[in-house]
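Read off the chains here:
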Amino acid sequence: MVPLIQVELDRKLYDEKGDEISREIHQAQIDALGTAPDDLFQIFHPHEPGELKFNPTYGGVDRRSLMVIRITLVHRHSVVTKKGLYKAILDRLAAIGVRADDVQIALVENGFEDWFAGKL
Amino acid sequence: MVPLIQVELDRKLYDEKGDEISREIHQAQIDALGTAPDDLFQIFHPHEPGELKFNPTYGGVDRRSLMVIRITLVHRHSVVTKKGLYKAILDRLAAIGVRADDVQIALVENGFEDWFAGKL
Amino acid sequence: MVPLIQVELDRKLYDEKGDEISREIHQAQIDALGTAPDDLFQIFHPHEPGELKFNPTYGGVDRRSLMVIRITLVHRHSVVTKKGLYKAILDRLAAIGVRADDVQIALVENGFEDWFAGKL
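Chains as they are written, first to last, in the working numbering: chain A, 141 to 260; chain B, 141 to 260; chain C, 141 to 260.
I should point out that these hints are in silico values taken from the structure, not numbers from a laboratory. Please note that a few of the clues may not be correct.
Intra- or inter-copy, both count: the list cannot distinguish identical chains.
[Unchecked claim] In silico DMTMM-like pairs for lysine to aspartate or glutamate, Cα to Cα no more than 25 Å straight-line: (1) K152 / D171; (2) K223 / E156; (3) K152 / D231; (4) K259 / D202; (5) K227 / D242; (6) K157 / E253; (7) K152 / E253; (8) K227 / E188; (9) K193 / E160; (10) K223 / D155; (11) K227 / D179; (12) K223 / E188; (13) K227 / E156; (14) K193 / E156; (15) K259 / D231; (16) K157 / E249; (17) K193 / D179; (18) K152 / E249; (19) K227 / E253; (20) K193 / D171; (21) K223 / D159.
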């Protein structure tokens, strides 16, 4: 399966809650996609002020900062499953104080043959 | 629409012109794709010397440094529109002193269902 | 051709072997894909401890650290060629002391029209 999760966020938020954010996104992945608990590949990219550029109201929300979650995933999940993944992530992040308004998710799909994870 | 723009560039250039580069790429996006002015999602990744590796003459150009613009975009635009986007970006960057020879653009497409931007 | 290679790795490993890793991945690309020797576009992202999150045994391997190689490539290569690329990378990295168990590769494909590299 090996989805790859990349999280772009303010360094301050990373320092305060990076491990929690990691755990919650990972649990959302397990719950929504049915991946194994040990199927964990995440990259955190902490950013200095000004590196994440956004508009505060685009899409009719109240955006105060920006966390971008980039997901690379094998093309095999339905639209319903993918929307369920977003909802699971957002609900879990909200529970630790990360507002959905501040989150962008961008998912890109590839094939089974487009991965290597430790063993050929 | 929510294209996601990621810019990989030398820290020196980022410090000197990061905000200008942001503005010009964003205006090019508006002009070439017709996105709303408030549809802004950009991530800047400043790099130390040596992290961006390139050949100075590949493709018959005079490459003195490298700025990589990575674009994630919904699959809906024609080849002509995408080439218009590249030209708009390059013309605007040239006007602020960033040479086209030093730019690489890599675009990846996904679907409408592959995005979340603040609201489900 | 212009494949774009992005390498996410621990800063310690980058400082010790970044240039070697660059050279070996580039030679693997030349050998497996037949790209020109001057077709070099690589971005290194060194990470502090804790930013690369992984499970030590997922997939039945002995994973002690994580290096993620992200490849963006035109859709034109067979599955056999892509697997040959992974093997060439892994063999060359092993020869300089980077264990295959510690490597993840994630490849994403796009079209010829999705690139700009210095000249329209």
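Status of the hints after comparison with the structure:
Neither within a single protomer nor between protomers do K152 and D171 lie at most 25 Å apart by alpha-carbon distance, with minima of 28 Å and 34 Å respectively. Within a single copy, K223 and E156 get their C-alpha atoms no closer than 28 Å, and across copies no closer than 40 Å, so neither meets the 25 Å cut-off. Only within a single protomer do K152 and D231 lie at most 25 Å apart by alpha-carbon distance; the minimum there is 21 Å, versus 36 Å between protomers. Proximity of K259 and D202 under a CA criterion of 25 Å is satisfied inter-copy only: 10 Å between copies versus 45 Å inside one chain copy.
In this assembly of identical chains, K227 and D242 lie within 25 Å of each other by CA distance solely inside one copy; the values are 14 Å within and 31 Å between copies. Taking CA atoms no more than 25 Å apart as the test, K157 paired with E253 passes in neither setting, with 34 Å inside one copy and 28 Å between copies. Proximity of K152 to E253 under the C-alpha cut-off of 25 Å is found in neither arrangement, the shortest distances being 37 Å within a copy and 30 Å between copies. When the C-alpha separation of K227 and E188 is checked against a cutoff of 25 Å, the pair qualifies neither within a copy, at 28 Å, nor between copies, at 30 Å.
In this assembly of identical chains, K193 and E160 lie within 25 Å of each other by CA distance both inside one copy and across copies; the values are 24 Å within and 12 Å between. In this assembly of identical chains, the alpha carbons of K223 and D155 never lie at most 25 Å apart, being 29 Å within a copy and 38 Å across copies at closest. Taking CA atoms no more than 25 Å apart as the test, K227 paired with D179 passes in both settings, with 20 Å inside one copy and 22 Å between copies. Taking identical chains as interchangeable, the C-alpha atoms of K223 and E188 are never at most 25 Å apart, the minima being 30 Å within one chain and 32 Å between chains.
In this assembly of identical chains, K227 and E156 lie within 25 Å of each other by CA distance solely inside one copy; the values are 23 Å within and 39 Å between copies. When the C-alpha separation of K193 and E156 is checked against a cutoff of 25 Å, the pair qualifies both within a copy, at 21 Å, and between copies, at 17 Å. Taking the shortest alpha-carbon separations for K259 and D231, only the inter-copy value of 12 Å comes in at or below 25 Å, while the best intra-copy value is 34 Å. With identical chains, the CA atoms of K157 and E249 are never at most 25 Å apart, being 28 Å at best within one copy and 31 Å at best between copies.
For a Cα distance limit of 25 Å, the shortest separation of K193 from D179 across copies, 11 Å, qualifies, whereas the shortest one inside one copy, 31 Å, does not. For the homomeric pair K152 and E249, neither the shortest alpha-carbon distance inside one copy (30 Å) nor that between copies (31 Å) is at most 25 Å. Taking CA atoms no more than 25 Å apart as the test, K227 paired with E253 passes between copies only; the shortest distance there is 13 Å, against 28 Å inside one copy. Within a single copy, K193 and D171 get their C-alpha atoms only as close as 31 Å, which misses the 25 Å cut-off; across copies the closest is 19 Å, which meets it.
For the homomeric pair K223 and D159, the shortest alpha-carbon distance inside one copy (24 Å) is at most 25 Å, but the shortest distance between copies (34 Å) is not.
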